[in-house]
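Undergrad: This is what each chain is made of:
There are 2 protein chains.
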Amino acid sequence: MNEKEFLAAYDKGNFEAPLVTVDAVLFTYQDSQLKVLLVERSNHPEQGKWALPGGFISESEDKTLEDTVTRKLKEKTGVVPPYVEQLATFGGASRDQRGWSVTICYTALIAHQACESELETISDIAWLPIE
Amino acid sequence: MNEKEFLAAYDKGNFEAPLVTVDAVLFTYQDSQLKVLLVERSNHPEQGKWALPGGFISESEDKTLEDTVTRKLKEKTGVVPPYVEQLATFGGASRDQRGWSVTICYTALIAHQACESELETISDIAWLPIE
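Each protein sequence line maps, in turn, to chains Y and U. Under my numbering, the residue at position 34 of the first sequence is numbered 34, and the numbers go up by one with no gaps. Offset between the second sequence (1-based) and my numbering: plus 131.
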């Protein structure tokens, strides 16, 4: 079998694969305090708990991991943060009840006034002050 | 549906997921030179090309990402490197011909004498001097 035939026959659905998400630690500065964005989970698992914003890679919408994190943050805040940087990747068998999972985590910064009007209409997000 | 029912019904095979590998930049020091381990690919795609050692997460054998990288390096060198640290994660739609892919990349260090006897019997690996 040559490479072309191998690729034509390759179906990644035939192999086990972990859950892969991209999450963000989005910081802002407001009222003399550094704050981080949290989102209340609307779906199972861990429904109702506060989590970092993020989600699954979309193979059709995203070309890069940065596309995923900026798309997810835009969905939540209405704007694309001007600064995004990869922090670290966390993975393991027991960190998600759905199975072996990996999350690529980014830090990001946004000016509070850039997203203030969008965010004040949303009830399931909160800026947690960093003490 | 409660969380227990959600988890019982959850099948991650129903969702698209990228290829996920863990790769290593394994350094050693020999003959007054810093060197990095390369492995000649024995399978498609990119068969015959030199690559960083690594491979897919095994959901049954690995509990953490570090388990994957140390298992893969032990397969190649016969020993577990004493020092392993996460470097960065690279991902995107076009970096692997098989599809959207993510690799969590580690750096590692090993003493050359620790793996010398194992490695000299293997024809498809090479220590590339860093100029």
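It should be emphasised that the hints constitute simulated quantities derived from the structure, not laboratory data. Fair warning: there could be bad hints in the mix.
[Stated by the list, open to error] Each computed DMTMM-like pair below joins lysine to aspartate or glutamate, with the alpha-carbon atoms no more than 20 angstroms apart:
| # | chain 1 | residue 1 | chain 2 | residue 2 |
| --- | --- | --- | --- | --- |
| 1 | U | LYS143 | Y | GLU59 |
| 2 | U | LYS194 | Y | ASP96 |
| 3 | Y | LYS49 | U | GLU136 |
| 4 | Y | LYS4 | U | GLU190 |
| 5 | U | LYS205 | U | GLU190 |
On a predicted model such as this, the values are computed, not experimentally measured, just so you know.
Undergrad: Could you run down the list of hints and mark each one as holding or not?
TA: Results for each hint:
At roughly 15 angstroms between alpha-carbon atoms, LYS143 of chain U and GLU59 of chain Y fall within 20 angstroms of each other, so this suggested pair holds. For a cut-off of 20 angstroms, the pair hint linking LYS194 of chain U to ASP96 of chain Y stands: about 12 angstroms separates their Cα positions. Between LYS49 of chain Y and GLU136 of chain U the alpha-carbon distance is near 18 angstroms, which keeps this suggested pair within the 20 angstroms criterion. Of the supplied pair hints, the one linking LYS4 of chain Y and GLU190 of chain U is violated, its CA atoms being roughly 29 angstroms apart against a limit of 20 angstroms.
Between LYS205 of chain U and GLU190 of chain U, the direct Cα distance comes to roughly 17 angstroms. Compliance with the 20 angstroms bound is thereby established for this hinted pair.
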